[in-house]
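Asker: What follows is the residue order along each chain.
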Amino acid sequence: KNEVEQSPQNLTAQEGEFITINCSYSVGISALHWLQQHPGGGIVSLFMLSSGKKKHGRLIATINIQEKHSSLHITASHPRDSAVYICAVPLSGNQFYFGTGTSLTVIP
Amino acid sequence: EPEVTQTPSHQVTQMGQEVILRCVPISNHLYFYWYRQILGQKVEFLVSFYNNEISEKSEIFDDQFSVERPDGSNFTLKIRSTKLEDSAMYFCASSESRDTQYFGPGTRLTVL
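Sequence lines, in order, name chains A and B. Following this note's numbering, the numbering of the first sequence begins with 1 at its first residue and continues without gaps. Following this note's numbering, the numbering of the second sequence begins with 1001 at its first residue and continues without gaps.
Please note that the accuracy of each hint is not assured.
Beta-carbon label-pair distances, calculated as ranges [unchecked claim]: (1) A:ASN64 / B:THR1110: 39 to 47 Å; (2) B:ASN1028 / A:LYS55: 21 to 29 Å; (3) B:MET1015 / A:ILE65: 44 to 52 Å; (4) B:GLU1001 / A:HIS69: 44 to 52 Å; (5) A:GLY16 / B:GLU1068: 42 to 50 Å; (6) A:ASN10 / B:ASN1051: 39 to 47 Å.
It should be emphasised that the hints constitute simulated quantities derived from the structure, not laboratory data. A virtual CB, placed ideally from N, CA and C, is assigned to each residue, including glycine.
My request is simple: use the sequences and hints to build the entire structure.
Answerer: Structure (structure tokens):
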């Protein structure tokens, strides 16, 4: 049983396309995190959100607490956006459950 | 910009040996974490550490694992008797409060 489900698992897009990655979770949470894992393995925290919407540059994250669903959007995608995008949900306190990730490839 | 550092970047060890993975969190951060990622699998939570003690740990974090903050700057993960299945990337992270976590670059552990 997966507490955190992401879709799609793999995504290929043309440069400039608008991208959406979805995350659904079954555990109760206080906040959800979106992370980016680079091809070399390094992980960067993109967003932590507990309600509504956050924007950082071309990235937008939304969350619907009632529906236990979050989306990560990338506008005007670029090949450097190619990475694995992971959502993570705290089960309790600081114990996080991670999704399996969405592997994004943006083609020039 | 401050960052979390980890050493070594790659550790190769024989099964049954002890390894210590080292992390230097960001200096004013109070919460510290270890995660692991087996090749091709998702990231898994191991343990969180606050106020010089473990605050939470997962089922994976059994008696062969221990964490320590020996000197106020380093945060270490010790695996006492490594098994083949301990081969993974180990990530350290730190946060100022219970919010955005900053991840280190990871240590790739290979157990032969």
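Asker: Failing hints, ascending?
Answerer: Number 4 only.
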